[in-house]
Amino acid sequence: MDTYSNITVVHGGASSGKTTFLISHVKELIDTGMAPENILVVTPSLTACRAFSLRLAQEAPEVAERVAARTAQDVCLDTIAQGGGTRTRRAMAAEWTFVLADLRSPGVGGATTRCCLGETFARWRRGDFSLPDEGPHRHVRERLEKLLAQYGLLAPQEIAPRAACESITATHAAVLVDDAQNLSRATLVALEASAAHEFVVAWNDQVSLKGFDECAGDISLQEFLEKHGSAKVVSLPAFLDAAAENPATAPADTHIKAFAHAVAHADCAAYDRLCDAGAIAFDDESVVLLKWRTPDDEPNGIAKLIRSMVDEGTALPGEIYVAVPNRTWGIAMRRALTRRWLDATMALDDEPVRGNPAKPAAAAAYLAYAKAALLADAHDVMAWRIWWGAGQPDLGTGLWRAFEEWSKSESLSLAEAIERIAQDMTAIPASLAPFAARVQEGMSFIERNSGLKGFSLTQTVFSGLADDPFDLDDVLNGTEDAAQLVTIIREASYSRTFDFDPNHVLVGSYRGVAGLSPRVVVMTGAMDGFIPSTTCFDSNGAIIEGSALDNQRAIFAAAASKARGKLVVSTFQRADQDLACKLGLRERRSRVDAGKRVSMLSRSHFIEDAGNAAPGSQSGEQYVQ
Amino acid sequence: MAPLDSMFGMLDKIKSADISVYQQRCVAVRNRNASCMRCAQACTSGAISYDDNQLIIEPDKCIGCGTCATMCPTCALEAHRPNDAELQRAVLAAAQKNGGVAVIACRQIVDAAGNMLDASKVVAVECLGRIEESLITACAVAGVSKVMLVQGACAECDHAVGLETAQAVCDTANELLRVWDCPMRAKIADRFPRDVRAPEGRAYDEVRRNFFFKVKDESKRIASTVVDETLKEELGEKEPEEPRFIKVMDDGTLPHFIPDRRERLLDNLAALGEPSDELIDVRLWGHVVIDPDICNSCRMCATFCPTGALRKFDEEDGTFGVDHYPGDCVKCRCCEDICPTKALKVYDEVLTVDILNGGVERNEMRKPDINYESPKKGMFAMRKLLGFDEVYER
Numbered sequence: 229m230d231t232y233s234n235i236t237v238v239h240g241g242a243s244s245g246k247t248t249f250l251i252s253h254v255k256e257l258i259d260t261g262m263a264p265e266n267i268l269v270v271t272p273s274l275t276a277c278r279a280f281s282l283r284l285a286q287e288a289p290e291v292a293e294r295v296a297a298r299t300a301q302d303v304c305l306d307t308i309a310q311g312g313g314t315r316t317r318r319a320m321a322a323e324w325t326f327v328l329a330d331l332r333s334p335g336v337g338g339a340t341t342r343c344c345l346g347e348t349f350a351r352w353r354r355g356d357f358s359l360p361d362e363g364p365h366r367h368v369r370e371r372l373e374k375l376l377a378q379y380g381l382l383a384p385q386e387i388a389p390r391a392a393c394e395s396i397t398a399t400h401a402a403v404l405v406d407d408a409q410n411l412s413r414a415t416l417v418a419l420e421a422s423a424a425h426e427f428v429v430a431w432n433d434q435v436s437l438k439g440f441d442e443c444a445g446d447i448s449l450q451e452f453l454e455k456h457g458s459a460k461v462v463s464l465p466a467f468l469d470a471a472a473e474n475p476a477t478a479p480a481d482t483h484i485k486a487f488a489h490a491v492a493h494a495d496c497a498a499y500d501r502l503c504d505a506g507a508i509a510f511d512d513e514s515v516v517l518l519k520w521r522t523p524d525d526e527p528n529g530i531a532k533l534i535r536s537m538v539d540e541g542t543a544l545p546g547e548i549y550v551a552v553p554n555r556t557w558g559i560a561m562r563r564a565l566t567r568r569w570l571d572a573t574m575a576l577d578d579e580p581v582r583g584n585p586a587k588p589a590a591a592a593a594y595l596a597y598a599k600a601a602l603l604a605d606a607h608d609v610m611a612w613r614i615w616w617g618a619g620q621p622d623l624g625t626g627l628w629r630a631f632e633e634w635s636k637s638e639s640l641s642l643a644e645a646i647e648r649i650a651q652d653m654t655a656i657p658a659s660l661a662p663f664a665a666r667v668q669e670g671m672s673f674i675e676r677n678s679g680l681k682g683f684s685l686t687q688t689v690f691s692g693l694a695d696d697p698f699d700l701d702d703v704l705n706g707t708e709d710a711a712q713l714v715t716i717i718r719e720a721s722y723s724r725t726f727d728f729d730p731n732h733v734l735v736g737s738y739r740g741v742a743g744l745s746p747r748v749v750v751m752t753g754a755m756d757g758f759i760p761s762t763t764c765f766d767s768n769g770a771i772i773e774g775s776a777l778d779n780q781r782a783i784f785a786a787a788a789s790k791a792r793g794k795l796v797v798s799t800f801q802r803a804d805q806d807l808a809c810k811l812g813l814r815e816r817r818s819r820v821d822a823g824k825r826v827s828m829l830s831r832s833h834f835i836e837d838a839g840n841a842a843p844g845s846q847s848g849e850q851y852v853q
Numbered sequence: 010m011a012p013l014d015s016m017f018g019m020l021d022k023i024k025s026a027d028i029s030v031y032q033q034r035c036v037a038v039r040n041r042n043a044s045c046m047r048c049a050q051a052c053t054s055g056a057i058s059y060d061d062n063q064l065i066i067e068p069d070k071c072i073g074c075g076t077c078a079t080m081c082p083t084c085a086l087e088a089h090r091p092n093d094a095e096l097q098r099a100v101l102a103a104a105q106k107n108g109g110v111a112v113i114a115c116r117q118i119v120d121a122a123g124n125m126l127d128a129s130k131v132v133a134v135e136c137l138g139r140i141e142e143s144l145i146t147a148c149a150v151a152g153v154s155k156v157m158l159v160q161g162a163c164a165e166c167d168h169a170v171g172l173e174t175a176q177a178v179c180d181t182a183n184e185l186l187r188v189w190d191c192p193m194r195a196k197i198a199d200r201f202p203r204d205v206r207a208p209e210g211r212a213y214d215e216v217r218r219n220f221f222f223k224v225k226d227e228s229k230r231i232a233s234t235v236v237d238e239t240l241k242e243e244l245g246e247k248e249p250e251e252p253r254f255i256k257v258m259d260d261g262t263l264p265h266f267i268p269d270r271r272e273r274l275l276d277n278l279a280a281l282g283e284p285s286d287e288l289i290d291v292r293l294w295g296h297v298v299i300d301p302d303i304c305n306s307c308r309m310c311a312t313f314c315p316t317g318a319l320r321k322f323d324e325e326d327g328t329f330g331v332d333h334y335p336g337d338c339v340k341c342r343c344c345e346d347i348c349p350t351k352a353l354k355v356y357d358e359v360l361t362v363d364i365l366n367g368g369v370e371r372n373e374m375r376k377p378d379i380n381y382e383s384p385k386k387g388m389f390a391m392r393k394l395l396g397f398d399e400v401y402e403r
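First to last, the sequence lines map onto chains A and B.
Residue numbering for the first sequence is 229 to 853, as defined by this note's numbering.
Residue numbering for the second sequence is 10 to 403, as defined by this note's numbering.
Only chain B is shown next, with the shape it has when bound in the complex:
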C-alpha cells in the first residue's frame, strides 16, 4: 500500500475536474491565521479540506456544484465547464428564446422533467449554488425581465446548502438591483414556468446523455491519474514541488487580485446607472474600521489583503498608514482575523457610492515603536509588535 504522505500527494494532484484552485488567492493559504473556510463549510460532500497550508479538493467526492466557488470571497475556487462567461452566454441565449425570462434549474429536476421541457429555454446547472450575483446582474443589463431559479427537491438533497447559497445570492442581487433602481428580480421557484414546456415530440435526452458521459469520464480520469502518479513514483520521476510560500512584492504586500467575477459585477452595476445614495448590507462588501488607539501600526492588514482594498501609504511629510477602498473589499475578514491587537473590525454596511466610484478612507497611524538601529533591535521590536517569538534575523 502506498505510504500515507504519498496518498496525500496524490490527493493534491487529483483536483476536481470541475473546479480550479488558485492557492495563492485563498486567504487561509495566504495567512494561516485567517479563519475563512466558507468553501469547506459550503461543501456538504466534504470534498474540500485545508491541510498543510494548502486547499485540497477530493475529486471523488466533488460533484462540481460550484457552490464553493460562489462562496469563496476571493475566487480562489473557480468553476469551469461551463465557466462564468459560457454560462452567462447560455443563460442569455435561453432567456432570449423564452421571451426575456431566464430560467435556470437544478440538473436533478431537469432530468426528472425529461421530455416535458424545451431544452433551448432552460439552462441546467449541477446545483443552484453555482449561480452568483454577476450572472444575475448581467441578465438585468441584457434586459431580461425576470430570473427564475427552479429548485428540485433541494430541501431533501444532500447538498441542500446550495439552495441556501442561492437564496443568499438572490437576496444580494435583488438588494443591489433595488438600489440601482432596476425592476428585474431573481427568485427561487418550485416549478417551471409554463412557457418552457416542450412542444410535442421534443426530447431532452441530449443533455441527459452528456451528463452520463461526464460521470464516466470523471472515473476514467481519476483512474488514469492514479496510475500515472504511481508509475512516476516507481520510476522516480518526481515533479518539482510548487512554491509553498507567497513572496511579498516591492511595496511589502502580498500580490493582489481582483477576481473577474467581482469586475463583471461592478461592470454590470455601472451599466445599470447610478445607485441611490444609501447604506447597504450585503454579503459581498465590507467596511473596515481601524481603532487608532489600539492599532500598533504594523500594517499587516494591508500586507495580507487579497484584493488591495487595504493599501499602505507613506507620505513625504512622514504621515503613513492604510487607505481603505470599500469598493475593492470582498469581506474575506482576513484583516480582522490577523490583526495582532484586534484594532480592526469589518462592518457589514457600505455606502453604495463607494462601490463604483473608488471611495477611499484614510487611516493614519502612529509611528510604531520600533528601533531600526540594528537588526537585533529590529527583530526584538517586531517580536513585541507581532506578539509572538518566531521572528528571526536574516
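Next comes chain A alone, as it looks inside the complex:
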C-alpha cells in the first residue's frame, strides 16, 4: 500500500478549511496540466458529492462538470464490478430483510445464526473471505453466500472489504477524498488503489460520524499516518485557536463553532477563553436557543422564523438547513413551510422501502417496489421474492424454500424456474400452487403494464399508497421508465439527497448536514429521547455513557458546527403524556394541565453539556415576533 510518494493528508477540525483545500488542490492539478477527467473526488455521501460539485462549480466553473465526484461506496462497487464479480449490487435494507428470513434453517437456532453473522462480518472486515471450518457456522455461511449469489446482491458489510481485496488498476490520476474520517480502512485502501499519481485525504481529526460506511471507525488518523510514512501532512490550524489568537479578525461564526466544540467535548473552556480574548462578543446572537410550549407550536414557529429570515435577506431558502429528529418532524416541518409559501426539499436517513414487510402497512410499500422492479426486469429474482413474501406472516419462507428445492431438482436457475411456472402452472407440484398463482398474477401485471413511463408508471406502481410513498418527489422528473425508477429508489436507499434548488429550504436529518455548509442551521426537536435517543437512557432516566451516546454527540456537534451564520436550537417544554410516551421523549415530571396529563420534557442533554457556551433559552413565541 505504501508505495506512493504523492500522498497528502490534510487534517483539522470543523471549518478549518479542509474542503477548501481540496478544491484549491483540484484547481492546482488542472493548472499543472492534469485533465479534469483524470481527477476523482470521493465523499462519504451523495449529498456531500453534490455539495462539493456545486462549490467547485462556483470556484472553477469551466472544469467543474468534468471533474467526477462520487461516493466512496459507488467507487467500491465499480471496483468489484471491474474485478468480474457476479454480485455487483448493494442489498437494500428491504432486500436484506428477506435474505435474513431465508437464512433461517431448520436445526440452526436464531442465536447461532446471529453469532455466525457477527463472526462473518468481522472476518470480512479483516479481508478474510474464506469459509469457516465445519459446523453450524459453515452451514450458515454457505447458505448466506448461496442466497446472495441467487439474488445477485452484495451485503453492505462486504462491499468495502471485497473492493479492497480486488486487484485494482488505477482509474484516475488523482483521487481526493473528503471527510475520510467517516470511511473505513478497507474503503481507503480501495480508493488509494484507484489513484495513479496523487492521493489526497482530508480528515477531520475531532469529530467522525458513523453510518456512511458499514465498517467506519476502524482506523484513526494516527494509524493512517503511521502506515503512510512518506505522506505529506498539512495541519490546518484549529479554528478556535486561530480565533483566540486574533480576536479582531475572528469570523462571525466563532460562537457557533465554540458551541459545537463545547457540545463535542462537554467542556466550555474553549468558549470561555474566546470570550476572555474578545473573539466572541457577549451579546453575540449567532446561536439561539428557543423553547416552545408544545411540539405543535414548534413547526409553525420555526416556519415563521425562516420566513422572516428569507424576507429580511438573512439567507436564501436554499441556504437554510432544518435538521429534524425523525420523519414525523420532517413531514410536519415541510407542511409548515409550505403554509408560509416556502418550498422545501427533504432527505432523511431512512430508506424508501422500510418497515416490517410482514405487516400490511409496510407490505404495500414493499409490493410497490417489487412491481417497479418486475417491470424493470422480469428476471429479477429478489423482486419475485418480495412479490411473493411481502404481507405474509413468515414472509412466505416455507414455500419459497420448497420452490428453491424444486428448481434445483429440475436443474433450473430460479429465474428460469419462474419463467417455466409462468408458462405452465402444472409443471410444479400441487403443494406449490399458491406460489404459482402468485407468479401468474405477477406475470399478468407485467404484461399489462410493461412500457409505462412517468406519471402512468408511478400511478400504477404506487396505486393504493400515499401520493409519494418513497419521498421521491424531489428527485423524480416525471419521465422515468421502470428501470430508472428502480435505480432512483436503490440510490436513495443508500444515500438520499436534496435537489439543491436555491429556492428550496433543505429539511434533513441531523446527520444529513455532513458535507454541506448552510448559512443557517435550525436544529428542531433537540430533546432528550430524540437526540440523544431513548437508547442512551436507562430505565431511571439516567444517561448511559457509551459509544451510542458518543456517536449521537458527534452527530449533534457536527450538525451545529456546519452553520456559517446562524444556529437555531429549538426545544419545547411539554407534550401530552401519551404523545410523549409514543415519541419516546424523556419526561422530567408530569402534571395535570387543563384536565389532561402532560409531560414536562427535558431538552437535549448535549445543550446542558455545552455549559456557558449554550445561550440562555428564549421563548420561541417571543423570538419570532
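These are computed hints drawn from the structure, not numbers from a lab.
It cannot be assumed that every hint is accurate.
Stated by the list, open to error - Once the Cα atoms are required to be at most 30 Å apart in a straight line, the calculated DSS-like pairs of lysine-lysine come out as:
#, chain 1, residue 1, chain 2, residue 2
1, A, LYS532, B, LYS106
2, A, LYS824, B, LYS354
3, B, LYS106, B, LYS70
4, B, LYS351, B, LYS393
5, A, LYS824, B, LYS256
6, B, LYS256, B, LYS106
7, A, LYS455, A, LYS255
8, B, LYS386, B, LYS321
9, B, LYS196, B, LYS106
10, B, LYS196, B, LYS155
11, B, LYS321, B, LYS256
12, B, LYS321, A, LYS532
13, B, LYS386, B, LYS376
14, A, LYS824, B, LYS106
15, A, LYS824, B, LYS376
Chain B: place on chain A using the hints.
Chain B alone, transformed into the frame defined by chain A:
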C-alpha cells in the same frame, strides 16, 4: 461631544458582559403600569435603569454579581459565565470533593483567604446574591448534606443587598426543603469550614488571575464597543432598531415564558418526592384572587401575565373568564398592578400541592358591558372599560 440621544443608544448597546437582558420577559417592559423594579432595587451599584420602556444595564457600573437575576421573577435578567448549569456543575463537583458539603463563597473572602483554601472544594461567586433556590435544591437532589454560603465583610460591602438576597433565598429554599421533608439545609456562615483548608503548598492564584483578566477584558470590550458605535455613527451604518412593542398571539395574550430556573426548581422538587399538604409563604409563588363583584371582565391580567399562570378560557356554553395556575405564578404582581378596577389581589400563601400538580382555580366572569355592533361603539366601550381615553379605532 456626542448628542445625548446617541449616548443613550450607546448605553443600550453596551450591556453587561455578565448579565443578559431579555426585554420581552420584563413585566415593566411588557406593561408600563407594572411596578416591578426589583432588579433596580437590588442593584446597589445603580447599573440598572428603566428608560423609554426598556431595561438598561450600564456595564461600567455592573459588577456582574447576579443579584438582579436572582431577584427578577421572570428571569428577564440572566447571569452567565458561569451560567446556572455551569455553576451547578461546579458546585456539585466541589461538594463531592468536600465530603458532601457544598461551600460557596463571596469572591472577596476567597481572594482574602489566598493560599489557605483548597480551590477544588470551594466555589467562588462574585456575590452571594448570585445563589438561587434551584441551585440549592439541586444540591439536595444530588445528596449534598449541607450548603454553606460563606460571607465576607458583606455588612460593610457596597453591595450588601446581595447578602440580604442570599438570606431570602436560603429562607425560601429551607422552607421548601422542610415541606418536602428533606434534611438538607442552606445557611450563611461567617467563616470557612475546616475541611476546605488547602494542603501545604497549594495556591489559589489561578482563580485570582482569572479575576484580574476578566476586569481587564471588560474595560477593553467597553472601549471597543464605544469606538465601534462611534464609527458606525460616522459612517452612517445605522442598525435597524429592534421592535419596541410586543405583539399579542392568536389567543389575544402576550407570549408566555416559564423561566428555566423555575423549571429546574420544580424538577428538583419533584425529584425530592411529595410535599406535605400545607400552605407556604415564600418569595417565589403567589395566589391570585379575583373579586367577581369588582372585576369588569377585561382579562388584561391574562393578557399580560408573563408565564401564563393566568389563562383565558371561553367555554362553548358561553361561560368565560380566567384560569389561575398557582404553580406557574412567579409573583411578579403585574396582574395586581394593571387591573383597572383593582379587583385582583396576589396573596403570598400557596398550597404546596398546587406547585407541582398543576392545580387550577377557575375564575368565571360576567359578560362585559361592551357593544360590538360597530367599531366606534366598541372603542368607546373599551375606553370606559379600561378607564382611559387612549383607545383608538383602527
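Now the hints, each set against the structure:
Simply put, A:LYS532 and B:LYS106 have alpha-carbon atoms about 48 Å apart, too far for the 30 Å limit, and the pair is violated. At roughly 28 Å between alpha-carbon atoms, A:LYS824 and B:LYS354 fall within 30 Å of each other, so this suggested pair holds. Restraint check for B:LYS106 and B:LYS70: the C-alpha separation of about 36 Å exceeds 30 Å, so the hint is violated. Taken as a hint, the B:LYS351 and B:LYS393 pair is honoured in the structure, with Cα atoms around 15 Å apart against an allowance of 30 Å.
With a CA separation close to 28 Å, the supplied pair A:LYS824 and B:LYS256 stays within the 30 Å bound. Of the supplied pair hints, the one linking B:LYS256 and B:LYS106 is violated, its CA atoms being roughly 49 Å apart against a limit of 30 Å. Proximity of A:LYS455 to A:LYS255 is assessed by CA-CA distance (about 28 Å); at most 30 Å being required, the pair is judged to hold. About 24 Å separates the Cα atoms of B:LYS386 and B:LYS321, which keeps this hinted pair within 30 Å; it holds.
For the hint linking B:LYS196 to B:LYS106, the alpha-carbon distance of about 19 Å falls within 30 Å, and the restraint holds. With a C-alpha separation of about 8 Å, the suggested pair B:LYS196 and B:LYS155 falls inside the 30 Å cut-off, and the hint holds. Note on B:LYS321 and B:LYS256: the hinted pairing holds, with a Cα-Cα distance of about 17 Å set against a maximum of 30 Å. With a CA separation close to 25 Å, the supplied pair B:LYS321 and A:LYS532 stays within the 30 Å bound.
Restraint check for B:LYS386 and B:LYS376: satisfied, since their Cα atoms lie roughly 16 Å apart, inside the 30 Å limit. About 43 Å separates the Cα atoms of A:LYS824 and B:LYS106, which puts this hinted pair outside 30 Å; it is violated. At roughly 27 Å between alpha-carbon atoms, A:LYS824 and B:LYS376 fall within 30 Å of each other, so this suggested pair holds.
Figure legend: structure checked against the earlier numbered hints; hints not met, in rising order: 1, 3, 6 and 14.
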